[in-house]
Amino acid sequence: MDQFYAAVEEREHPEFRGRPVVVGADPKDGEGRGVVSTCNYAAREFGIHSGMPISRAWKRCPDAVYLRPNFELYIEVSSRIMEILRTYADKFERWGLDEAFLDVTSKVQDFEVATKLAEEIKREIHREERLTCSIGVGPNKLVAKIASDFNKPDGLTVVTEDDVKRFLAPLPVRRLLWVGKKTARKLNEMGIKTIGDLATFNVSTLVDKFGAMGEQYHRFAHGIDALEVAERGEIQSIGREITFESDTSEYDVVLKRLDKLGQRVHRNLVDHQMLFKTVTVKIRYENFETHTHGKTLRAFTNRLEDLQKTARILAQPYFREARKIRLIGVRVSNLTSSREQKTLV
DNA sequence: TCTGGGGTCCTAGGACCC
DNA sequence: TCTGGGGTCCTAGGACCC
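Counting in this note's numbering, the first sequence runs from 126 upward without gaps.
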C-alpha cells in the first residue's frame, strides 16, 4: 500500500487533501521525541520521510498536519485488504500491515497474464477501499519485492526471468532484501555499490566477511531466491516498550512504567491464549546505550505476578550511578499455547 | 539530526548432559 | 595431567523488516 497510514487518514479526512500529512510521534512544537511513521507525498516534497526524527520534520514543515497513528483503524482497513488479496493467491503471506506476498503460480500461465491479474488486484482495492498500491511481479519473492518498490505510488513493475539481471544490476545494494544500512555501508566500503557489483564479486571474500549470509547476498544479487510464500505460524514473542518524555533517574517511576508495560504484555498474552517461560527487560540509557537482560523460568506460566516480579528483578542492576534512562521495555518469549492441555510432571 | 515501537532471525559463548 | 565429541538450552547483542 502506498504511504498506508497517511493515505488512510487522508481518506477519512477530506479536509487534509492537498496538505502535507505526517503520521508519527507528537511533534510538540519541535520538542517532541520519536519519529515519522508515514507521510504523504506532499510532505515528502519538504524532505520529510519515514524514520526521520519528528522534531526535524517539524523544522522542515511546521504547517503540515501532524497525526498520532490510529492503529485500530489501520488494522481494520488492513484486514479487509488482506482478505481481498488472499482470494487471488495460491499461497499468501502477510508482511506487516500494508504489504503481502502472493504466489499466483497456478493462476497464471505467463507474465502477461500475471500482469493482468496485478492490474485487477489494484482495481479491486481501489474500488473497495479507495486506496492505491504498488505491485511488483517477478519469478520469486525477492524480485517481486524489489520490483514493487521500483515504481511508486500506484505503480506496477513486471520483471520476467529473462529481465532479472538487467533489472537488478544498476540498483544500489541497499535495495536488496536483508541488506540494511549497516550491511550496505560495509559493502560500499568494499567497493560494492550496485547489485551488479555484488553479483560479480568474489563469493569467498563475501563469506569471509559476512559468514553464511555472504553466500546469500551473492545469490540474491543474481536474483536467486528460493524462499516459499508461507503464512507465518505461531507468534514467537510479545513485548511493549516506551521512551520517556524526558530521560529519568527516578527509578520508582521507571518501575511503575515497567509494571504497566507488564500489564499490557499480559493482556495480549491472555488474548492469544499463550503461556511464557522467558522474560526479557530492555533498558536504554540517555546516551542510547541499550541493554537486554532476560531470564527463563522453570515452567510455563501466564501469571501477571510472575511477569512483573521477574521484570523488576531483571531491571534492578541497571538502576545505578544515577544514570538516566531513556527507554524501558519488557518482552515475553519461549511461548506455548495454553489451549492444549499440558501434562505437568 | 538525534534517533518509535512492534516484531523476526542469527550468532557466539557458555553451561550442562551423556 | 591434560582435555573428545555429540547434543541442547540459555543469554546478550545485533541486524533487519514494516
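Take these hints with a grain of salt, some might be off.
Stated by the list, open to error - Think about it this way: if two alpha-carbon atoms lie no more than 20 Å apart in a straight line, the pair counts; the simulated SDA-like pairs of lysine to any residue are:
id, residue 1, residue 2
1, Lys334, Phe369
2, Lys385, His397
3, Lys385, Arg428
4, Lys407, Leu422
5, Lys381, Lys334
6, Lys277, Leu296
7, Lys266, Phe369
8, Lys232, Lys277
9, Lys449, Phe369
10, Lys385, Ile367
11, Lys247, Pro194
As the list claims (entries may be wrong) - Between beta-carbon pairs, the in silico distance windows are:
id, residue 1, residue 2, range
12, Thr421, Glu370, 29 to 37 Å
13, Arg144, Arg248, 22 to 30 Å
14, Lys232, Arg169, 44 to 52 Å
15, Gly221, Glu244, 41 to 49 Å
16, Glu170, Lys434, 47 to 55 Å
17, Asp333, Pro139, 25 to 33 Å
18, Arg428, His347, 33 to 41 Å
19, Arg428, Asp288, 51 to 59 Å
It is worth saying that the hints were derived from the structure and are not from the lab. The beta carbon of each residue, even a glycine, is placed where N, CA and C say it ideally should be.
Distance restraint between Lys381 and Lys334, which requires alpha-carbon spacing of 20 Å or less
Distance ~44 Å between Lys381 and Lys334 Cα, so the pair is violated.
Between the alpha carbons of Lys449 and Phe369, is the straight-line distance 20 Å or under?
The given pair, whose Cα atoms are some 10 Å apart, holds under the 20 Å limit.
For the pair we were handed, Lys385 and Arg428, check the Cα-Cα distance against 20 Å.
It holds: about 14 Å lies between the C-alpha atoms, which stays within 20 Å.
Does Phe369 sit within 20 Å of Lys266, going by the straight-line distance between their CA atoms?
39 Å, violated
Determine whether the Cβ-Cβ distance between Thr421 and Glu370 falls within the hinted range of 29 to 37 Å.
33 Å, holds
Holds or violated: Lys334 with Phe369, Cα cutoff 20 Å?
38 Å, violated
When you take the CB atoms of Arg428 and Asp288, is the distance between them in 51 to 59 Å?
56 Å Cβ-Cβ, so the 51 to 59 Å window holds.
I want to verify a distance hint. Is the separation of the beta carbons of Glu170 and Lys434 within 47 to 55 Å?
For Glu170 and Lys434 the Cβ distance comes to about 51 Å; the hint holds.
Tell me if the straight-line CA distance from Lys407 to Leu422 falls inside 20 Å.
Cα-Cα ~17 Å, so holds.
Going straight from one Cα to the other, do Lys232 and Lys277 come out at no more than 20 Å?
Violated. Lys232 to Lys277 sits at ~25 Å, over the 20 Å cutoff.
Is the distance from the Cβ of Lys232 to the Cβ of Arg169 consistent with 44 to 52 Å?
35 Å Cβ-Cβ, so the 44 to 52 Å window is violated.
Taking only the CA atoms, is the gap from Lys277 to Leu296 under or equal to 20 Å?
Status holds; Cα separation ~16 Å.
Figure legend: structure checked against the earlier numbered hints; hints not met, in rising order: 1, 5, 7, 8, 11, 14, 15, 17, 18.
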